[in-house]
Amino acid sequence: MRRNQGCNHLDHHLARRQFLAGAAGGAVGLGLPGSPATAEKIKGQHKRVLQIYLQGGVSQLESWDPKPGTEHGGPFRAIPTSVPGMHISELLPYTAKQMHLLSIVRSINLKTNDHRQGRLFMEKGRRAGEYPYVGSIASKYLAPANSELPGYIHISTRGLTDSTSAFLGAQHGQLKFEGVKPPKNLAVPKGLDETADARRVQLRDQFNQQFRVGRPKSLTESFDASFQQAAKLMGRKAFFEKAPDPKDLERYGKHDFGRNCLLARALLENDATCVKVTHHGYDSHAENFNFHLEQLGEFDKTFAMLIDDLHERGLLDSTLVMVYSEFGRTPKINVRYGRDHWGSAWSIALGGCGIQPGAVIGKTNEKGTAVADREVDAGHLFHTYLQALGIDSTNDHDIAGRSIPIGDPTAQPIKELLS
Amino acid sequence: MNVNQSDTSDALVAQKPVVDYDAIDLEKTHQVSEFKHKFPLTSCRVDPTGKYVVAGAQDLDIQVWDLQTKSNRTLKGHTSWVRSFDFSKDGSRLYSACWGGDIKVWNMADTQPKPIMMIQAHTGSARWVRISPDQKKLATCGNDLLIKIWNVEDGKLLQTFKGHERHVYAVDFHPDGQHLVSQDLMGFIKIWDMKTGKQARSIDATVMTGYDNKFAADMGGARDLQFSPDGSELASAGITKVVNSFAGVQDPIIMLFDWKSGKEKAQLKPEKTFQGIAWGVRYHPDGFLIGAGANRSGKGELWFRKPGEKEFFHTMKLSTAARGLDLLSDGRHLVIAHSDGAVRVYRMTAEAKRPAKSKS
Chain A
1 MRRNQGCNHL DHHLARRQFL AGAAGGAVGL GLPGSPATAE KIKGQHKRVL QIYLQGGVSQ
61 LESWDPKPGT EHGGPFRAIP TSVPGMHISE LLPYTAKQMH LLSIVRSINL KTNDHRQGRL
121 FMEKGRRAGE YPYVGSIASK YLAPANSELP GYIHISTRGL TDSTSAFLGA QHGQLKFEGV
181 KPPKNLAVPK GLDETADARR VQLRDQFNQQ FRVGRPKSLT ESFDASFQQA AKLMGRKAFF
241 EKAPDPKDLE RYGKHDFGRN CLLARALLEN DATCVKVTHH GYDSHAENFN FHLEQLGEFD
301 KTFAMLIDDL HERGLLDSTL VMVYSEFGRT PKINVRYGRD HWGSAWSIAL GGCGIQPGAV
361 IGKTNEKGTA VADREVDAGH LFHTYLQALG IDSTNDHDIA GRSIPIGDPT AQPIKELLS
Chain B
1 MNVNQSDTSD ALVAQKPVVD YDAIDLEKTH QVSEFKHKFP LTSCRVDPTG KYVVAGAQDL
61 DIQVWDLQTK SNRTLKGHTS WVRSFDFSKD GSRLYSACWG GDIKVWNMAD TQPKPIMMIQ
121 AHTGSARWVR ISPDQKKLAT CGNDLLIKIW NVEDGKLLQT FKGHERHVYA VDFHPDGQHL
181 VSQDLMGFIK IWDMKTGKQA RSIDATVMTG YDNKFAADMG GARDLQFSPD GSELASAGIT
241 KVVNSFAGVQ DPIIMLFDWK SGKEKAQLKP EKTFQGIAWG VRYHPDGFLI GAGANRSGKG
301 ELWFRKPGEK EFFHTMKLST AARGLDLLSD GRHLVIAHSD GAVRVYRMTA EAKRPAKSKS
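Residue numbers (our numbering), protein chains in the order written: chain A, 1 to 419; chain B, 1 to 360.
Rather than coming from a laboratory, the hints here were simulated on the basis of the structure. You may find that some hints are simply not true.
Unchecked claim - Here are the computed lysine-lysine pairs in the DSBU-like style, where the Cα-Cα straight-line distance is at most 35 Å:
1. B:38 / A:332
2. B:299 / B:269
3. A:301 / B:51
4. A:111 / B:214
5. A:332 / B:51
6. B:317 / A:97
7. B:353 / A:332
8. B:269 / A:332
9. B:299 / A:367
10. B:353 / B:51
11. B:136 / A:301
12. A:181 / B:299
13. B:299 / A:254
14. A:332 / B:317
15. B:198 / B:36
16. A:367 / B:38
17. B:38 / A:111
None of the values given here were measured: they were computed from a predicted structure.
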């Protein structure tokens, strides 16, 4: 199994200064404002993304595409959902009651069983190359100019950091929160009063004036945007320090994933644009069934509560919800009661903004070993996410006069899934 | 030439060893028969009269083999994998527990048994079922964190024991019939008083669990539980030293506890190279202990421990993973449910010599 090799351990601890330095570094690349045409299309509608990433590869047979009683079906049964005729695994009883708000794609074939390749394909919609993640694209094209929060926030209890923004500029890169703890060094350094801090800002502005001379405007804009984001985040330190409501905690669960999803809800309510929450522990090469009992037991109620809250609060119509992994798991059960990596025929769930609710797209064969109908890959999914958000994925990024297709031109959206 | 023969010129004649083929000789344990199913097996149990062996599998059925005639019956009715069985003392009733949460009761005298009673015992998996020493009650445990006691005749719920905070993996009656023991994912063993309906005490088996830092999840639980025949000792089979349970990297362990004091008596482990899970443990009436397990690569082992010793004195390699273990009442045979779909019967004596073929 390979992990993201593009980070070092320092990346795992985002500090304000690193954030600023990273922004400056990214600005040296191709950071430019978004395509005016694209920005105009979505002006006035702040659409959001909630990504629930089930890290390691959740088993489609224990979640969205159960095959009880078949050769590889495993011990769990299928249960009916709030959508007539739609069944999911009995490990998701709370989610089953929310399926009228969600849809399932059961026919994904990534043609890779590698963690890193699968993850990057699912995030970028391309098999290879330096392209931005969905979250960075959302940050670029959906985040309001006056946003008080960074455009792409990732809440996880483990320390992997991705380079997500590619040529979009570092201010659209993923900002990693290690659980509900605020990023380090948010406060003004000790011994530095407000006056001194203001003078530091003035000094930086002076340097910026000189730096701008002879340089592209976009470069300094990216740099400034990062400083502004950091400053806004500093002003919102209390946001993280507020303890969750005990009633909410009771509903969501008193575990990391519950707390992380409560933070995600608060961020989305406060106009964050893309919030990703990672739930770890699905790479079950051994004891797949006991681990899925544990992990999905934790995921199910929390996720269902979050969907219910977003719906109740009127946020779901403007929030695209993605529940995904880097791949699924083998139908064949190995000798350790495990399931191995399987990118050939697996599922995700989508809902909210722009997504037809209650749909089941595609299907696998009787034993779950191959896609039987409506095969799609991450390229198709990528177009679907963006079009659901109102971003024309067939358009181009305008990067310093260079046009780069937003989505893979060889793939198309799953039109029947779009509302 | 030996010393006794040094003064003779007679031809040397080797003394034939006297072999009692019925005497237990654990180091000569060998396979004597095999019963095959098309799906990997999950568990097995032998009826107390030694007539049948039953097995659960990675399907919805129960396989029953007659040990004498080798005939097979398939019991249908469960909606999920069956992982635990028990028999009435006379072997006439079979009790089975499935991951769907149901307990089914079967009349083994029927030619083609159908469930004669079904108990919807637990929300989530029913992991274990055991009949009480007086044959009047069933104990079950499940993923709803509960232990339940049922009237064996009519399936009515008699008692519920609450207290575990994680999935309960196994439950058994103490031979005194007054106490129950249960073990959960986190290695908490609880002892329940049947009279008061409350927890009487606990035993620390937390060495049998571990938090997998890499994947942020707990792994543990008893995979088998058994009391010694006199009730003075409890054996629990499972895992320890969790490194990467998602890849099966942990060690098998069988822990022994003194029933009265609750103190640990032994931690029995196979060779360090055998990483995996201990799936079965049985006390032989003669006092020795037998364990069985599976390693990461799908091989199995049988382990034997003499009374009072701190280590296994003999290990027998098995070609495929052992997922369940039981003993025949004759004290000479054990059965293993294997991951290749076979129940294999092993005899714990020297191999009987086959009659020589006559020369003609």
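Original post:
Which of the listed hints are broken here?
Top reply: Hints 3, 6, 7, 11, 12, 13 and 15 are the ones this structure does not satisfy, whereas the remaining hints hold.
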